[in-house]
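My request is simple: use the sequences and hints to build the entire structure.
Chain by chain, the residues:
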Amino acid sequence: MSNPILKVENLHVNFNTYAGTVQAIRDVSFDLNKGETLAIVGESGSGKSVTTKTLMGLNAKNASIPDNSRLLFKDRNLLDLTEEEWQSVRGNEIAMIFQDPMTSLDPTMKIGMQIAEPLMKHREMKKEDALARALELMQGVGIPNAEEHINDYPHQWSGGMRQRAVVAIALAADPEILIADEPTTALDVTIQAQILTLMKKLQRETSSSIIFITHDLGVVAGMADRVAVMYAGKIVEYGTVDEIFFNPQHPYTWGLLNSMPTTDTAVGTLEAIPGTPPDLLEPPKGDAFAPRNAFALAIDSKEEPPFFKVSDTHYAATWLLDERAPKVTPPAQIQKRWARWQEIQGQEA
Amino acid sequence: MWKYILKRLGWLVFTLFLVITATFFLMQIMPGTPFNNPKLTPDALAQLKATYGLDLPLWQQYLNYLIGAAHGDFGISFQYQNQPVSMLIGQRLPVSAALGAQALVVGVVAGLIMGAVSARNKNNKIDGVLGILSTLGISVPSFILGIVLVYLFGFQWPIFPVSGWGDSFSETILPTIALAVSPAAITTRFVRSEMIESLSSDYVQLAKAKGLSDKEIVNKHAYRNSMIPVLTLIGPMAAGLLTGSTLIEQIFSIPGIGQQFVLSIPSKDFPVIMGTTIVYAAMLMFMILITDILTAIVDPRVRLQ
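Protein chains in written order, with the numbering used here: chain A, 1 to 349; chain B, 350 to 654.
Please keep in mind that the hints were generated in silico from the structure rather than gathered at the bench.
Hints should not be assumed to be uniformly reliable.
[What the hints assert, rightly or not] What follows is a set of in silico ranges between Cβ atoms, one per label pair, in the way DEER data are often shown:
#1 V458(B) <-> S64(A): 45 to 53 Å
#2 P490(B) <-> S44(A): 50 to 58 Å
#3 Y353(B) <-> E124(A): 37 to 45 Å
#4 D129(A) <-> I642(B): 45 to 53 Å
#5 E124(A) <-> I642(B): 35 to 43 Å
#6 V458(B) <-> E124(A): 28 to 36 Å
#7 G35(A) <-> V458(B): 32 to 40 Å
#8 H155(A) <-> L358(B): 44 to 52 Å
Even for Gly, the Cβ is constructed at its ideal location relative to N, Cα and C.
See the structure below:
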């Protein structure tokens, strides 16, 4: 499994604003293996989108990244790249699928041309060749009668079709890493499923790696190989998709899973995590989740928890895993998940 | 498309009819007569009135004018005797239009460039300097600027001729600058704000994610999208410039239509007032039509119908 194509090490991203320095990403490290899908989940403001923008070198001008942060991709640290070098990475080696297909296509340019653009830029193709390849890409992402629609403008297409075009743009230059920033959030559920199926199919065909940013755990279960849970600019727990769904250890992960309705959920009840995420202008001392955490320990407000190893692939940053910590009883739904985990482990053994 | 243009031209004619009607009756409210020379005897006055058809009942004058206008006959000037209005306008409008077109091209091109530069340097020194320049350009009246230009480049450093028309291109440089500054400043501000909006849009983010350079993004994506609202501004601006500027024509002694229009009002030269008003109205509507057609060409979401 350990064939990382991308290594993120000690990533910090700060934004200098008039009010002060916002610490949007606070020491994030993860690996992305070849051909896998890594989901990054978390609520709004947890730093998911800043992470992806950093991976594309697309942060706002007021962002600053300390020197010890490293994004290792193909023997280089992406953070050392000049803007021109970044341009040869973006859309070529690392590409991105955007959230809202209604606004992410240029309304005044023909869709075929928008798909051909990265090819002309990175493959130095002539316009005709690039458009011919764009047609193949349109067929590849399932646009019916593509040859009739290559000269259409975005407003002539539905949201789902436009998102297929956005996927085609991202795939045009055969990127090794595909970053999908909530690619289905703006679509209705049936279209969501189509786009997700399409992404899985294309991933199998191209063996590219996907970083999937979402707050929708339902989507994560179907798409991801591994999951990283982010809170307040940090990763708080990561593991394989089964480990996160059936053996979650961090109370924040419990909260997220608990707020996802299941078939057992009583009609009319929807669980939520109380409170709001902390202000990252002045991140709290200790565990940032402590104020919202029903299982918080005294040490949580004093000292930040390190990562505790649950398995070779599963780590969680919560003091509950320290040997001195008292045994707590997680919410009923999580206990059910744990029981299911025991069954799975039993079957495998 | 052609059907749409024909329909719009039909509306243009109808609107012109309304403009003619309104102007014709408004002029009757103006005090005084065209012939207020105290030396005129009542007989001579009656003679003059008969010559120009002013002795007829008002409704008949109106009908006569409409019929004449429909045939391209806009009457004879009272002021310049025996000169048909169409001939007067025909001589003077091309002068104003040539100067105006020159100023429009210079102003709009300068505005497009400065606006884009300003937007790409948002909130830094270059943007600040261009912001001050465009505020000055909008607030300083063109005739003050004209006088300053005459003083600087005609008197202090006599590089350009300060008056005249038709002898050399260099005569047109100072009035062109005087006329172009305000449109340039307005276009700069407008392009800047549109471009900033466009540069922060999702499709520009996507273009960046494709690996395009800033220059490619501006040229291929941002300009076209920013042009759509800018076009609506350029239409009326073109109409204003092409129909001449009274003050600038006065300062630089240019035999344009603007000067003639203003002089025709105190002298109650009805046919000239009517003729120039019609030209102005027609020019404005025509420019708006052209703007709409251009918008439909630039913006695929707009369909002419």
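Checked hints:
{"no.": "1", "hint": "V458(B) <-> S64(A): 45 to 53 Å", "in the structure": "violated (39 Å)"}
{"no.": "2", "hint": "P490(B) <-> S44(A): 50 to 58 Å", "in the structure": "holds (51 Å)"}
{"no.": "3", "hint": "Y353(B) <-> E124(A): 37 to 45 Å", "in the structure": "holds (42 Å)"}
{"no.": "4", "hint": "D129(A) <-> I642(B): 45 to 53 Å", "in the structure": "violated (34 Å)"}
{"no.": "5", "hint": "E124(A) <-> I642(B): 35 to 43 Å", "in the structure": "holds (37 Å)"}
{"no.": "6", "hint": "V458(B) <-> E124(A): 28 to 36 Å", "in the structure": "holds (32 Å)"}
{"no.": "7", "hint": "G35(A) <-> V458(B): 32 to 40 Å", "in the structure": "violated (52 Å)"}
{"no.": "8", "hint": "H155(A) <-> L358(B): 44 to 52 Å", "in the structure": "violated (28 Å)"}
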